[in-house]
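Visitor: Construct the entire structure; sequences and hints are all you get.
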Amino acid sequence: MTSFSRAVAVEIVIAVAICGMLYLFLIEPMQRRGLALRSQLDAMVAEAGEISALTDELPKLTGAVRAAERDAERFSSQGRLARDEEIMFDSMMGLAKQTGAVIEQIAPLSVTATNGWDERDLRRRYAVSGTASYASLVRMMNDLSGEDALARVGALRVTPSFGSESEEVSFQLTLDVFAFDATPIESEPSS
Amino acid sequence: MPRIGKELVLEVSASRCVLLRGGTGGLEELRRAGGAAERAWTDVVEWVLEQLTQWATELSLEGAPVHVVYQGPETAVGAFECPATLGESQANAAARLALEDTLSYSDQQRCISTAVLSNDEDCGEARPARRRTVVVADCDASLASLFEAVQNAGLTVRSMIPAPAVSLLAASDVVQRSAGDGLTVSMWIGAESTGLVAGDRHGLVFARMIPVGVESLVEALAGLRGDGGDAIGRRVARDSLFHNGIPSHEGGAESDPQFDARAVLPLLQPVLQRLIVETKQSVRFGLPTEAKDQATLRVSGPGSLISGLARLIGDGTGIAIEQAPPAEGSAAARGDAPAVYACGVETLGLLPRSTEAHRSTRRTRRALALGAALAGAVLTVEGVAAWMQLKHTSRTLDMYSSIQVAPGVNARDMRDRAVAVTNAVEMARTRQRAFIGSTVPHADLLFVLAEATPPGMELTEVVYAESETGPHLMVRGMAKEVDGVAAADRVRSFTRMLGDCPLIVETHLGETRRTEGETEAFLSFIVTLDLLALPRASVYAESTADPEAQR
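Top line first, the protein sequences correspond to chains A and B. When the first sequence is numbered by the working numbering, its final residue is 191 and no position is left out of the sequence of numbers. When the second sequence is numbered by the working numbering, its final residue is 1551 and no position is left out of the sequence of numbers.
Some hints could be false.
Computed far set for chain A versus chain B, every beta-carbon distance over 12 Å [what the hints assert, rightly or not]:
{"#": "1", "residue": "Q78"}
{"#": "2", "residue": "R83"}
{"#": "3", "residue": "D84"}
{"#": "4", "residue": "G94"}
{"#": "5", "residue": "E104"}
{"#": "6", "residue": "R120"}
Looking from chain A toward chain B, a few residues come up when the C-beta cut is under 10 Å (computed) [claimed, not checked]:
{"#": "7", "residue": "I12"}
{"#": "8", "residue": "C19"}
{"#": "9", "residue": "E85"}
{"#": "10", "residue": "E86"}
{"#": "11", "residue": "I87"}
{"#": "12", "residue": "L95"}
{"#": "13", "residue": "K97"}
{"#": "14", "residue": "L173"}
Some but not every residue of chain B turned toward chain A, in silico, with C-beta under 7 Å [to be verified]:
{"#": "15", "residue": "F1242"}
{"#": "16", "residue": "W1387"}
{"#": "17", "residue": "T1396"}
{"#": "18", "residue": "A1411"}
If you are wondering where the hints come from, they were derived from the structure by calculation, not from laboratory data. All C-beta atoms in this analysis are idealised placements derived from N, C-alpha and C, irrespective of residue type, glycine included.
Guide: Next comes the structure, spelled out in structure tokens:
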């Protein structure tokens, strides 16, 4: 390679290097920043479109939230027996009085965990025993398994009351009362 | 092609140095100097430098561009032909190889240049298509010394053209301009050499160079003894030649009684003889036999201005001469300069290797600078475009950012809240269905048991329990015979009635035992019932929410 060729080759390399540096240090960062801003802008435009669509749906959303909150309130109301033992006691006594049964004992029992159980929910088990006429017992059982009560009779034993002339029967039952948590997980409000 | 009035032409040989300039009225000879023909090239170069320096100062020609037509001691010119199918680059290479065989200097010492002389048409088997190339070469040292001399004198050399190449190209130009149907033999008698080219409108038949020119005649005539017995010299010989022409054998020219044919012709005869013989041989061997009789010889160039020269050649060769009557040409027309302006022969110009390399470097660097400038421009445009795009995007972004969300309800928060609350309720409902979604209607079962128990039967124990197989009810009781109905029949009737109840899936009669009491016998029994759990209507009630909104 002649000195001329070497000199020209070096000059070409220098020129290419200068052009490359100009591109890398000036233009390429600008293009990268432009792309980033463009993506940000696209995201914002998409977000604005989404918010606009949501705003149109706001009445329906509000209705859905209120209905869901009513349902959650109902769950909360139904679960008061499990959450408060006094209410449970008062309810049982009131039921007994209403149906003519005599509750002699209400004792809490321990419950073992079962599959699918959620820690946020509450489950209490009671052993209830007492005496009642057969008809009263039927009425009491009807109310215990009623539609609104989140209670479930797990076992029942009915025997005639020996030594009594009346048609009374003795009963022992285990009663599970539940409280299902319908509280939503709160999230941070958007900015 | 040199621009008339702008560029100079310098004719250089061992015996002469002529500086000319083109103008609106034609070529103008600015300065002329003559010297001995038999000189070493270094002496010639020194002499040229001296003359040119002086002329450049006198005429204020500093930096003026000049084309140098020169005859060096080692200048070589050749015209070669090859099949047209080879292409121009291969034809050039072949011509270079052919000429290089005749050169005495090495490859590293030579400057060489080629140009296309003609591309002949295909005229059948007799004259297939040919490509003719003229190639010129010179020793780098000779060329560089003359180049440096002209440059040092203050002029700028545009090109350096060997004089024989000028004659050859000028003769070829005459043939190509005539373009007649017949064959034309063009003889361009230049200052240092003569170009002889034959051809027609289809192309050239032959092209060759004869190293005899006007200066050869001048050199021969310069030895003529004048009145005082001294040689008349080159200047007087040139003037006499162009003024009086070639005298005929019959006597001296009328214009100059002292220009005696008996003294002049013997001096000119060797030169004329060589010119005639070379022409005759060229025509004889170069032209087809049938074309020789019809061929005409067209004489041009500075030699055509010498009266009687064309006639002598015609007589000597036997070819009809076609020539305009010789005019009183200007001094400038007595050299090769007109051909430089007429034929554009500067494409054949030579330059010293160092100058060629220097100019090549300069051209490459100029191209590099141009390329870098273009790249810079492209980068600038790219940068400006990117910057504008960036600004536009930033502005749009700022505009979007500045839009304030209406105070009050945030739609997205409301959506998130709706999703969260609905999901929580649905999850709770799912769990509720899993654990208490179905139940056994105990009250109804107790009622059915009471209704199904016939007189004479007592239930002693009712136990409800749940196992892995489902809910069960175990009923224990006693039956006795009443009104003639056997206890077993009563038990059977009892189990049948229970079996008809839709809440009971299956009835199993277990252990039965007869027991003798004090007064009567009893039949104790155990009945096990598989029960059906019914779904709770309240648990499966639909949500109060709008299904569309809930979705």
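Visitor: Next, verify each hint and record whether it holds.
Guide: These are the hints, each one checked on the structure:
1. In this structure Q78/A is not separated from chain B by more than 12 Å, as the shortest Cβ-Cβ distance comes to only about 9 Å.
2. No Cβ of chain B comes within 12 Å of the Cβ of R83/A; the nearest lies about 14 Å off, and the non-interface call holds.
3. Non-interface status of D84/A relative to chain B is upheld: no Cβ of that chain comes within 12 Å, the nearest being about 19 Å off.
4. The beta carbon of G94/A is kept farther than 12 Å from every beta carbon of chain B, the shortest such distance being approximately 18 Å.
5. With a closest Cβ-Cβ approach of about 18 Å to chain B, E104/A is found to remain outside the 12 Å limit, as its non-interface label requires.
6. Its closest Cβ contact with chain B, about 9 Å, brings R120/A to no more than 12 Å, contrary to its assignment away from the interface.
7. The criterion of a C-beta within 10 Å of any C-beta in chain B is met by I12/A, whose closest approach is roughly 6 Å, and the hint holds.
8. Checking C19/A against chain B by beta carbon gives a least distance of about 5 Å; that is within 10 Å, so the hint holds.
9. The beta carbon of E85/A is not positioned within 10 Å of any beta carbon in chain B (closest approach about 19 Å), and the interface hint is therefore violated.
10. The interface hint given for E86/A is violated, since its Cβ lies 22 Å from the closest Cβ of chain B, which is over the 10 Å cut-off.
11. For I87/A, the interface hint is violated, since its Cβ never comes within 10 Å of a Cβ in chain B; the closest pair sits about 18 Å apart.
12. Checking L95/A against chain B: minimum C-beta separation of about 12 Å lies over 10 Å; hint violated.
13. For K97/A, the suggested interface contact is broken, since its CB lies about 18 Å from the closest CB of chain B, more than 10 Å.
14. The beta carbon of L173/A comes within 8 Å of a beta carbon in chain B, closer than 10 Å, and the hint placing it at the interface holds.
15. At about 48 Å, the closest approach between the beta carbon of F1242/B and any beta carbon in chain A exceeds 7 Å, and the interface hint on this residue is violated.
16. Proximity of W1387/B to chain A holds as hinted, the smallest CB-CB distance being about 6 Å (cut-off 7 Å).
17. Annotation: T1396/B was flagged as interfacial toward chain A, and the flag holds, the nearest CB pair being 6 Å apart, inside 7 Å.
18. At about 4 Å, the closest approach between the beta carbon of A1411/B and any beta carbon in chain A falls short of 7 Å, and the interface hint on this residue holds.
Of the numbered hints given earlier, the model fails hints 1, 6, 9, 10, 11, 12, 13 and 15; all others are met.
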